[in-house]
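Here the protein sequences come in this chain order: C and W.
Numbering that gives the first Met the number 0 puts the first sequence at residues 0 to 419.
Numbering that gives the first Met the number 0 puts the second sequence at residues 0 to 247.
Don't read these hints as lab results, they were simulated from the structure.
Accuracy of the hints is not assured; some may be wrong.
Lysine-lysine pairs mimicking DSBU-like chemistry, simulated, CA-CA at most 30 Å apart [claimed, not checked]:
{"no.": "1", "chain 1": "C", "residue 1": "192", "chain 2": "C", "residue 2": "50"}
{"no.": "2", "chain 1": "C", "residue 1": "192", "chain 2": "W", "residue 2": "30"}
{"no.": "3", "chain 1": "W", "residue 1": "14", "chain 2": "W", "residue 2": "30"}
{"no.": "4", "chain 1": "W", "residue 1": "56", "chain 2": "C", "residue 2": "412"}
{"no.": "5", "chain 1": "W", "residue 1": "28", "chain 2": "W", "residue 2": "14"}
{"no.": "6", "chain 1": "C", "residue 1": "192", "chain 2": "W", "residue 2": "195"}
{"no.": "7", "chain 1": "W", "residue 1": "195", "chain 2": "W", "residue 2": "56"}
{"no.": "8", "chain 1": "C", "residue 1": "412", "chain 2": "W", "residue 2": "170"}
{"no.": "9", "chain 1": "W", "residue 1": "170", "chain 2": "W", "residue 2": "195"}
{"no.": "10", "chain 1": "W", "residue 1": "170", "chain 2": "W", "residue 2": "14"}
{"no.": "11", "chain 1": "W", "residue 1": "30", "chain 2": "W", "residue 2": "56"}
{"no.": "12", "chain 1": "C", "residue 1": "148", "chain 2": "C", "residue 2": "53"}
Given next are the chains, with one letter for each unit.
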Amino acid sequence: MDNPERARILQGMTQASDILIVGGGLNGPALALALAQTGHSVTVIDALDVKVRKNAAFDGRAYALALASQRLLAAIGAWDRVAEHAQPMLEIKVTDGHAGTGPSPFFMHFDHAEIEEGPMGFMVEDRHLRRAFLDAMAEEPRITQLSGKTVVSQQADTTGVTVTLDDGSTVNSRLLIGCDGRRSGTADRAGIKRTGWDYDQTALVCAIEHELPHHGIAHQFFMPPGPLAILPLTGNRSSIVWSERTEAAQQINALPEDEYLQVLRPRFGDFLGDIHLAGDRFTYPLNLTIANSFVADRLALVGDAAHGMHPIAGQGLNAGLRDVGALAEVLTLAGRRGEDIGSLMVLERYQEWRRFDTAALAMATDVFNKLFSNDNPLLRIGRDVGMGIVGALPGLRRGFVREAAGLTGDLPKLLQGQPI
Amino acid sequence: MQAHPNTVDPSEIAKFEAMAAEWWDPHGKFKPLHMLNPCRLDYITQQIAGEFDRDLKSPMPFEGLRLLDIGCGGGLLSEPMARLGAEVVGADAAGGNLPVARIHAEQSGLQIDYRHTTAEDMAAAGEQFDVVLNMEVVEHVADPAGFLTASQQLLRPGGLLICSTINRNPKSYAMAIFGAEVVMRWLPRGTHEWNKFITPEELFDLLRQAGLDPVDRKGFVFNPILWSWSISDRDLSVNYVTASVKPG
């Protein structure tokens, strides 16, 4: 240390919380709110300043929150803060598209009227979601936010874990939770390796304004280079997520706005009337990365830190919020039994609950993508017939609607809208 | 260098630390106890909360309660009780586990009074508790009636005894001895003697004879498909648990 005096002073600065969360994006704050609600003190560390994260300009990013995720947000007191900015998704239409020749005659149509619970989900802009979480955390006395700081090292022992920050201060807690994304430093520092692969695909993401109303209908077109989704935002706006081979995606993204739109328009036709861009453009290379373990002694990984998956069906955030619900429930129940919440014994229950579900979802989206991002004529016929069958059978269709709403599987209490 | 509070011999400490790690390893040789533990703790905490009107959602709900864990072993029940705020005495007639339990409690930052003694000796010394836990003990003692009487004497009037054991029938023989000891090797062979198992009716009679009012009984049921335990109102055919209150 170049300045031993300063190091000594900073070393004396130690904070303590029951739980320390690294990553203040979306899953981190959701988990902090859920755990604070059941009596835990929580510290949330993020490298970015709160002001930067609250920046309210629309950048084009949005999420399809499944109904179950919306229920979790309501249960942790964040939904009221985004409700007015949320667009209900009333129907989903899935079509096997083919640029130039128009949509295939077979398509699947899922209507929320098939289930009694409500809309299948809501489209919410990234900025509204982030601000809702930050405001909710600021009002919760059990949550401490450490912003503009990064973790330098972490050390687990028999009672807890000590994390050292870049300013030399330390934070002690009983449990460290990595909500720090698919390149999780928390997982790296714990020596947790990852398994995964890259697709030669990149997602192009943008928001558009369109002439005609969308009526709350989400569209998914399966095209040979990759899927294209049109997801309804509030007003006459939609979020577009569109995959192409990586090289083509980079070329398209570099085009000026009018040429970019010229590439986009023929892919889904003119049913929304005239379109233009309503925000920034983004690209995300598609890859699958799953941590070999979701837990270690005094450590748990949540969301993309545990499983970064193909965003084909917009399931990344929804899967993360399922992790949040499951982990908050496991820790809270363990705490009420007097168990050590940072022990592997307790944390493995979370891993058992989420790992199978996650692996199944990652595999399904992978297979789905391979099946549909393909121009093989036999596969085309097969999937068109398959879609026709799903569309014709109400029972199967209802199953898909419930799946899209996130209502299937062993649902954590918070995702059923119930307190723990 | 400061002397270790539990030290007798430094080489012993390393051995006990290794044993503590083994006791508390969820995949180690006490795996069956770890698997059953959440169920046992759910039952115990809910019974205590009900009897003493405590809110399990509050921090340290058992503050002010004095609790005795008989047959405490490595402290798998003593530690959670201490974490919930109870003043805990852990007693074990086999002294070998106690240094292990002490080291683990200290590593966990918990205050627990572990003693090498028996229920009978503590009762004779006039010790008094709000709660006595006899979990998976009564099937191992030579004189169940005398043991339960001593447990009753250790309770203050209005105090709670929680006692779990294994039923005696062909199914319990198949599950607890043939299944757990011989096939799965979960438990060392000879851990259980089937003729010492007690039916719920016999246990209720013994509890009444000891001067207690049995108030509840439930089954702990292992589901081999989900590979986990749950509490059952009806199925007491193998592992089961009872709650009794000392009148007064």
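### Hint numbers contradicted by this structure
1, 6, 7, 8 and 10
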